[in-house]
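Chemist: Residue strings, one per chain:
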Amino acid sequence: MSLLRINGVEARFGGVVALAGVTLDIPEGVIFGLIGPNGAGKTTLINVVSGLVKPTAGSITFGAEAGGPWPIASAVSRGIVRTFQQTRAFLGLTVRENLRIAAVSSPDPACIEELVDACGLAPVLDRVAGDLPYATLRHLGIALALALKPRLLLLDEPAVGLAEEEVERLGALVRRWHAGGITVLLVEHNVRFLMEMSDRVAVLDRGAVLFVGTPAECQDRQEVIDVYLGRRQADAAD
Amino acid sequence: MMDPLASSRHGFIRTVAAASAMLVAACAVSLQLNDYYLYVVTIGAIFAVLAVSFDVLLGYTGYLSLAHGALYGLGAYICAVLTARHGLPFWAALPVAGLATGAAGALVALLSFRTRGLYFAVLTLGIGLVGHQLFLVFDQVTGGVGGFVGIPGPEQPAWLPVSPVAYAALLALALLWVTFVAASLFVRSKLGAACLAVREDITLARALGIRVAAARLSAFAFSATFAGLAGALFAAISSFIAPESFTVLGTGFQLVALVVVGGMGTLWGPVVGAILLTALPEALRVASTYSLLAYGVLLLVCVIFAPKGIASLISAAVRRFRGKSKPAPDPARLRREATP
Amino acid sequence: MLELLPQQLANGLALGSTYALVAMGLTLIFGVLLIPNFAHGEFYMLGAFITYALVASGLNFWLAMAAAVVLVTGIGWIVDRVVFQPIGSAPGHSAAQGSGLSMMISALAGSIILQQVATIIWGTEARTIPAPMTGVIQTPYFTITALQLTVIGTLTAAWIAVWLVLHRSRLGLAIRATSQNRDAALLMGISMTQVRLATFGIGAALGAVAGALLGATFPIYPSMGVTPVLKAFVVLVIGGIGSLPGAIAGGLVLGMVEVMVAGYGASQFQDIGTFVILVAVLLIRPQGLFGRAQVER
Numbered sequence: 001m002s003l004l005r006i007n008g009v010e011a012r013f014g015g016v017v018a019l020a021g022v023t024l025d026i027p028e029g030v031i032f033g034l035i036g037p038n039g040a041g042k043t044t045l046i047n048v049v050s051g052l053v054k055p056t057a058g059s060i061t062f063g064a065e066a067g068g069p070w071p072i073a074s075a076v077s078r079g080i081v082r083t084f085q086q087t088r089a090f091l092g093l094t095v096r097e098n099l100r101i102a103a104v105s106s107p108d109p110a111c112i113e114e115l116v117d118a119c120g121l122a123p124v125l126d127r128v129a130g131d132l133p134y135a136t137l138r139h140l141g142i143a144l145a146l147a148l149k150p151r152l153l154l155l156d157e158p159a160v161g162l163a164e165e166e167v168e169r170l171g172a173l174v175r176r177w178h179a180g181g182i183t184v185l186l187v188e189h190n191v192r193f194l195m196e197m198s199d200r201v202a203v204l205d206r207g208a209v210l211f212v213g214t215p216a217e218c219q220d221r222q223e224v225i226d227v228y229l230g231r232r233q234a235d236a237a238d
Numbered sequence: 239m240m241d242p243l244a245s246s247r248h249g250f251i252r253t254v255a256a257a258s259a260m261l262v263a264a265c266a267v268s269l270q271l272n273d274y275y276l277y278v279v280t281i282g283a284i285f286a287v288l289a290v291s292f293d294v295l296l297g298y299t300g301y302l303s304l305a306h307g308a309l310y311g312l313g314a315y316i317c318a319v320l321t322a323r324h325g326l327p328f329w330a331a332l333p334v335a336g337l338a339t340g341a342a343g344a345l346v347a348l349l350s351f352r353t354r355g356l357y358f359a360v361l362t363l364g365i366g367l368v369g370h371q372l373f374l375v376f377d378q379v380t381g382g383v384g385g386f387v388g389i390p391g392p393e394q395p396a397w398l399p400v401s402p403v404a405y406a407a408l409l410a411l412a413l414l415w416v417t418f419v420a421a422s423l424f425v426r427s428k429l430g431a432a433c434l435a436v437r438e439d440i441t442l443a444r445a446l447g448i449r450v451a452a453a454r455l456s457a458f459a460f461s462a463t464f465a466g467l468a469g470a471l472f473a474a475i476s477s478f479i480a481p482e483s484f485t486v487l488g489t490g491f492q493l494v495a496l497v498v499v500g501g502m503g504t505l506w507g508p509v510v511g512a513i514l515l516t517a518l519p520e521a522l523r524v525a526s527t528y529s530l531l532a533y534g535v536l537l538l539v540c541v542i543f544a545p546k547g548i549a550s551l552i553s554a555a556v557r558r559f560r561g562k563s564k565p566a567p568d569p570a571r572l573r574r575e576a577t578p
Numbered sequence: 579m580l581e582l583l584p585q586q587l588a589n590g591l592a593l594g595s596t597y598a599l600v601a602m603g604l605t606l607i608f609g610v611l612l613i614p615n616f617a618h619g620e621f622y623m624l625g626a627f628i629t630y631a632l633v634a635s636g637l638n639f640w641l642a643m644a645a646a647v648v649l650v651t652g653i654g655w656i657v658d659r660v661v662f663q664p665i666g667s668a669p670g671h672s673a674a675q676g677s678g679l680s681m682m683i684s685a686l687a688g689s690i691i692l693q694q695v696a697t698i699i700w701g702t703e704a705r706t707i708p709a710p711m712t713g714v715i716q717t718p719y720f721t722i723t724a725l726q727l728t729v730i731g732t733l734t735a736a737w738i739a740v741w742l743v744l745h746r747s748r749l750g751l752a753i754r755a756t757s758q759n760r761d762a763a764l765l766m767g768i769s770m771t772q773v774r775l776a777t778f779g780i781g782a783a784l785g786a787v788a789g790a791l792l793g794a795t796f797p798i799y800p801s802m803g804v805t806p807v808l809k810a811f812v813v814l815v816i817g818g819i820g821s822l823p824g825a826i827a828g829g830l831v832l833g834m835v836e837v838m839v840a841g842y843g844a845s846q847f848q849d850i851g852t853f854v855i856l857v858a859v860l861l862i863r864p865q866g867l868f869g870r871a872q873v874e875r
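Residue numbers (my numbering), protein chains in the order written: chain A, 1 to 238; chain B, 239 to 578; chain C, 579 to 875.
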């Protein structure tokens with residue numbers, strides 16, 4: 001059964017078409033990967049689903065409820081929670097204060113203790129977030145989102161700039177929470193990470209869906225390789 | 239494992255205990271002072287009330303309002319009108335003045351929060367100036383430029399046999415204690431956490447389900463309410479008020495100075511700021527011609543040599559004294575380093 | 579009532595020209611250096627008082643005004659060096675929000691210090707500069723004094739001069755580059771010292787000119803700069819922060835509105851009218867009339 005249905009979503013900024021009628025089904029309980037070259041509209045799609053940007057046309061259905069997208073506050077209360085590109089935390093505050101903020105609208109603040117353990121934050125609770133190593137900061141950003149007990153977690157480029165073993169730790173964390181019943185929509189430039197993580201993959205190009213399928217199918221399709229994978233792999237080989 | 243959210247009930251109890259001890263000490267010392275120094279204590283405590291509640295808005299929520307001089311005046315005039323014209327006792331007029339000023343503050347906030355940053359500061363500056371002008375223009379109610387004369391003082395209970403001047407100082411200190419405890423509660427509450435989120439990163443706050451509008455509105459209303467209470471007490475104690483006490487430059491900016499010089503976002507820093515910048519110049523008034531000049535120089539020295547406020551200097555000194563000589567990290571530097 | 583309108587407009591234009599002169603300096607300093615210079619009113623006040631002192635000692639008004647402009651420019655540099663530069667350079671001042679607040683407080687301190695120094699030198703009583711010209715020009719619709727015309731002419735000349743400096747000189751290019759992107763300007767080898775000197779110099783000089791001219795019409799006293807600087811901030815916000823045409827248009831609009839409110843309403847509502855306009859403009863167009871993108875800081 002699909003958890004999130006995106007119906008013909010269109011977003012224009014002035015003359016620029018960021019999304020040209022995107023229709024996608026994201027089944028409940030999957031990790032759904034979204035790839036595409038820069039400017040393909042991935043982040044705009046996350047912005048629309050999370051309620052940060054109003055689409056010029058189209059709608060979304062979440063669970064049994066039609067009538068979306070909703071403004072960001074109502075989206076969060078329905079269980080749609082996002083992170084920002086490279087994930088984001090309150091850099092001027094301590095980790096503890098960050099978590100206190102996440103607890104404000106968490107339906108289950110008790111879960112934060114578990115998150116602190118899982119994300120390796122216990123030793124740094126009283127450090128200022130801006131002071132943390134890059135990878136720990138990412139974990140904090142994801143912990144803030146997970147504290148809200150989302151049904152759908154939108155991750156925008158969580159692995160960018162992380163070293164290999166840090167990416168793996170991050171993947172393990174996402175899998176662990178996914179196993180606990182969270183559906184994940186993952187936008188990521190690190191193709192290998194995305195293919196490893198995802199149950200299904202959609203390729204976006206110039207605001208339109210080019211392909212939807214399993215990671216294996218995706219890697220076989222010539223047009224996908226042409227627009228995206230070929231170039232990315234060439235980049236990665238550098 | 240340590241509970242990550244134990245936003246320290248112990249911490250709160252410790253804060254209240256420390257504040258209470260300070261209150262008792264301040265009252266005991268005050269009772270030994272002559273009338274002039276009692277007056278200095280009273281004014282210092284009233285400005286500390288303003289500064290502590292203003293810190294909730296400026297320090298914790300990150301909005302610079304210059305309308306608070308006028309809000310302070312509103313509380314004063316409401317109390318004056320209710321007690322002198324309508325015969326209400328002070329203790330009935332005080333909460334009315336606080337609540338009405340809080341409501342007016344909420345209205346100002348609803349207008350002003352459509353803007354941010356410098357625009358917010360200048361918009362509230364405009365509102366503060368309009369407020370000050372209204373005190374002058376509606377002279378039938380306020381007495382205009384000549385001031386409002388004959389405000390009855392707070393009724394003194396028979397069991398407290400101190401002079402009226404000493405009673406005024408005790409009342410001001412007690413209001414400061416109430417303000418401090420209320421502000422501590424506020425910043426430790428969920429609303430307080432939400433305000434911090436608004437200050438740090440408003441978009442991320444929204445994405446984490448923080449009700450941004452409600453959080454900053456309540457911070458503004460909180461500070462306005464206590465500004466109203468401070469104004470009401472000031473009116474009753476002074477028995478005479480005039481618009482010149484409620485100007486944007488005189489009072490509105492003064493508040494900002496108290497909080498920034500004392501230390502934003504600490505609650506106790508602004509108390510130190512109020513002592514240093516209102517009480518000290520009064521108490522050391524040797525040559526009154528030069529006292530304003532000295533005030534300006536003091537302000538400049540403080541802001542140049544203690545940019546994060548006197549509170550940060552004191553904290554650093556305490557840390558060093560306890561042997562934990564690790565300096566507090568500079569968030570700005572860290573922020574730059576965190577950016578790839 | 580309506581037949582008074584041309585006269586009101588002429589008076590408003592003259593008053594608005596002085597607001598615009600003060601606001602130009604303020605918007606330049608804010609737009610380029612991000613300093614909310616609340617001490618700017620004291621440049622204006624000192625321009626008036628130094629002119630007054632020199633005229634009283636027998637100097638011709640225009641020479642006195644020129645000397646005052648030079649002196650106030652120097653004072654502007656001293657204020658920048660003593661009041662603002664320590665804030666920009668000291669460690670711990672770098673957090674953007676905190677440093678803006680610190681700048682405001684130090685500007686306030688600078689303003690108090692300059693006012694008190696002026697009080698110590700000249701006392702608090704109001705004085706007047708003898709008017710340098712007394713001519714009146716009659717037209718069928720309105721009368722305008724030669725002094726009012728001079729003020730309007732000075733604003734025009736100042737605008738042209740500032741525009742030429744900004745757009746036709748190497749230094750002007752550096753100033754504009756700094757206001758666009760300070761870090762990039764630094765990387766390109768632009769000397770921040772020169773930009774600061776020029777910006778503060780021009781700003782202070784404009785303030786001094788306005789003070790000297792207004793001092794020839796109205797009484798002068800040490801706290802005379804307070805209201806104009808607050809109004810200039812209003813002009814800044816109405817016109818759009820950092821925009822010179824915005825400062826000029828905002829100043830003229832404000833002057834005319836004030837004269838109208840005083841003329842058709844009641845004079846005690848004059849200042850209220852100002853700030854009601856401010857609130858209205860901000861609510862309808864939060865970035866100001868000439869503002870570019872919203873400056874969110």
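The hints are simulated quantities; they were obtained by calculation from the structure and are not laboratory data. Note that the Cβ used here is the ideal one computed from N, Cα and C, for glycine as well. Check the hints yourself; a few may be wrong.
[Stated by the list, open to error] Heads up, simulated SDA-like pairs for lysine to any residue below, C-alpha to C-alpha not over 25 Å straight-line: (1) K428(B) - K54(A); (2) K149(A) - Q394(B); (3) K428(B) - E114(A); (4) K149(A) - R169(A); (5) K428(B) - E438(B); (6) K54(A) - A724(C).
[Claimed, not checked] Have a look at the derived ranges for each label pair, beta carbon to beta carbon: (7) C111(A) - I440(B): 21 to 27 Å; (8) R659(C) - L326(B): 50 to 56 Å; (9) V556(B) - R176(A): 39 to 45 Å.
[Unchecked claim] To be clear about the criterion: a stretch of chain B counts as covered by chain C if any three or more of its residues have a C-beta under 8 Å from a C-beta of chain C, and this derived list gives those stretches: (10) 399-406; (11) 416-428.
Chemist: It remains to establish, for every hint, whether it holds in the given structure.
Modeler: Hints versus structure:
A C-alpha spacing of about 29 Å is found between K428(B) and K54(A), which places the hinted pair above 25 Å, so the restraint is violated. Of the supplied pair hints, the one linking K149(A) and Q394(B) is violated, its CA atoms being roughly 55 Å apart against a limit of 25 Å. Taken as a hint, the K428(B) and E114(A) pair is honoured in the structure, with Cα atoms around 20 Å apart against an allowance of 25 Å. Between K149(A) and R169(A), the direct Cα distance comes to roughly 20 Å. Compliance with the 25 Å bound is thereby established for this hinted pair.
Proximity of K428(B) to E438(B) is assessed by CA-CA distance (about 15 Å); at most 25 Å being required, the pair is judged to hold. At roughly 58 Å between alpha-carbon atoms, K54(A) and A724(C) are farther apart than 25 Å, so this suggested pair is violated. Checked against the hint of 21 to 27 Å, the pair C111(A) and I440(B) passes, with Cβ atoms roughly 25 Å apart. A C-beta distance of roughly 55 Å is found between R659(C) and L326(B), which places it inside the suggested range of 50 to 56 Å.
Checking the proposed 39 to 45 Å range against V556(B) and R176(A) shows it holds: the Cβ atoms sit about 42 Å from each other. With 0 residues having a beta carbon nearer than 8 Å to a beta carbon of chain C, the segment 399-406 of chain B misses the requirement of three or more and the stated coverage is violated. Only residues whose C-beta sits within less than 8 Å of a C-beta in chain C count toward coverage, and the segment 416-428 of chain B has 0 of them, not enough to reach three; the restraint is violated.
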